[in-house]
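There are 2 protein chains.
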Amino acid sequence: MTSSIQKNLASKNAEYASKFTKGNLALPPAKHYLILTCMDARIDPAAAFGIDLGDAHVIRNAGGSARDALRSIIISQQLLGTKEIVLIKHTGCGMLTFSNDDAHSLVKKNLGPSAAAEIATLDFLPFTNLDNAIKGDVDYLKRSAAVPGDVVISGWAYEVQTGTARQIV
Amino acid sequence: MTSSIQKNLASKNAEYASKFTKGNLALPPAKHYLILTCMDARIDPAAAFGIDLGDAHVIRNAGGSARDALRSIIISQQLLGTKEIVLIKHTGCGMLTFSNDDAHSLVKKNLGPSAAAEIATLDFLPFTNLDNAIKGDVDYLKRSAAVPGDVVISGWAYEVQTGTARQIV
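As given, the protein sequences belong to chains P and G, one line each in that order.
Sequential numbering from 222 applies to the first sequence in this note's numbering.
Sequential numbering from 222 applies to the second sequence in this note's numbering.
In case anyone wonders, no lab produced these hints; they're calculated from the structure.
Check the hints yourself; a few may be wrong.
In the PhoX-like style, the derived pairs of lysine-lysine whose C-alpha atoms are separated by at most 25 angstroms in a straight line are [to be verified]: (1) Lys243(P) x Lys233(G); (2) Lys329(G) x Lys304(P); (3) Lys240(G) x Lys363(P); (4) Lys240(G) x Lys233(P); (5) Lys363(G) x Lys329(P); (6) Lys304(G) x Lys228(P); (7) Lys228(G) x Lys356(P); (8) Lys304(P) x Lys330(G); (9) Lys233(P) x Lys304(G); (10) Lys228(P) x Lys356(G); (11) Lys233(P) x Lys228(G); (12) Lys363(G) x Lys240(P); (13) Lys233(P) x Lys356(G).
Kindly produce the complete structure, drawing on both the sequences and the hints.
As structure tokens, this is what we get:
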């Protein structure tokens with residue numbers, strides 16, 4: 222069975238591929254940086270943050286969490302040569318709306334005890350203040366022994382209401 | 222100090238924000254699905270996979286790993302109502318080029334013993350065959366008790382040389 226979402230992907234992709242001209246880009250990002258941001262549906266990193274195809278790694282997870290992204294960041298830096306991290310969290314983030322206890326209770330209620338047991342030790346990494354979360358994640362990356370000391374790291378807040386990115390740190 | 226990458230972001234974002242008209246989108250994805258793909262610089266998910274702003278969560282990590290993304294997937298489904306997963310890995314992926322041992326050795330060599338100790342238990346989640354990795358991750362998600370049984374899951378291979386997405390499962 223093909224879902225309407227799969228059909229949309231196939232038809233939009235066929236259109237994209239028919240006009241595709243950038244098949245010779247190198248594996249390592251040309252501008253040697255990575256963007257770490259949230260999975261939020263209201264963010265289009267390429268358009269909003271001016272990333273041309275081939276220029277940067279883009280890591281996205283719930284909340285734009287640096288801890289969650291550490292594996293990818295190490296691979297990006299040690300195997301593919303990126304030297305700068307741009308961390309962008311955003312206003313109206315879902316991670317501001319629940320606690321770890323809320324999420325674990327919801328999984329138990331909706332999915333049952335075996336699901337709850339499977340993720341018993343999972344930290345959902347919610348946060349309560351946007352600017353503090355940005356500063357905290359930049360600090361975490363600066364303190365991590367797995368991130369070289371000369372990597373440039375900045376932290377930004379993106380406003381989903383206006384499309385504006387504001388540098389915090 | 223402002224880097225050239227930060228300056229580029231600020232100027233491109235100012236242009237984006239000046240034309241921004243979609244400030245009223247809801248937090249939950251309008252089309253109730255999530256895309257999970259790789260952080261690779263050669264992938265622009267919105268353009269290549271036909272995602273309009275506000276329609277879908279986009280999770281990206283090194284390799285488009287389902288295991289690595291589980292926290293984000295649970296949040297997407299249980300707190301923000303998504304019902305379908307589209308997993309897209311790609312040709313020429315960096316994850317095909319090294320082993321866990323290679324990555325741990327590189328961290329120790331480049332960053333020293335304290336970095337190696339900090340990430341001693343980290344699984345870098347490399348893989349050796351693209352189609353098998355796609356099938357394996359779809360299977361992992363279908364077996365996970367934390368992913369509801371009625372969630373629609375498909376797996377795709379994206380060709381960075383041609384811009385074409387091919388459904389595998």
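Hints versus structure:
Distance hint between Lys243(P) and Lys233(G) is fulfilled; the C-alpha atoms sit about 21 angstroms from each other, no more than 25 angstroms. A distance of roughly 18 angstroms separates the Cα atoms of Lys329(G) and Lys304(P); the hinted pair therefore holds under the 25 angstroms criterion. For the suggested pair Lys240(G) and Lys363(P), the alpha carbons sit about 35 angstroms apart, so the restraint of at most 25 angstroms is broken. Taking the CA atoms of Lys240(G) and Lys233(P), the gap is near 24 angstroms; set against the 25 angstroms cutoff, the hint holds.
Distance restraint check for Lys363(G) and Lys329(P): the Cα-Cα separation of roughly 18 angstroms lies within the 25 angstroms cut-off, and the hinted pair is therefore satisfied. A C-alpha spacing of about 16 angstroms is found between Lys304(G) and Lys228(P), which places the hinted pair at or below 25 angstroms, so the restraint holds. About 20 angstroms separates the Cα atoms of Lys228(G) and Lys356(P), which keeps this hinted pair within 25 angstroms; it holds. Between Lys304(P) and Lys330(G) the alpha-carbon distance is near 17 angstroms, which keeps this suggested pair within the 25 angstroms criterion.
With a C-alpha separation of about 21 angstroms, the suggested pairing of Lys233(P) with Lys304(G) holds against the 25 angstroms cut-off. This hinted pair checks out: Lys228(P) and Lys356(G) have alpha carbons roughly 20 angstroms apart, not beyond 25 angstroms. Between Lys233(P) and Lys228(G) the CA atoms are separated by roughly 32 angstroms; this puts the pair beyond 25 angstroms, and the hint is violated. Taken as a hint, the Lys363(G) and Lys240(P) pair is broken in the structure, with Cα atoms around 35 angstroms apart against an allowance of 25 angstroms.
Restraint check for Lys233(P) and Lys356(G): satisfied, since their Cα atoms lie roughly 23 angstroms apart, inside the 25 angstroms limit.
Figure legend: structure checked against the earlier numbered hints; hints not met, in rising order: 3, 11, 12.
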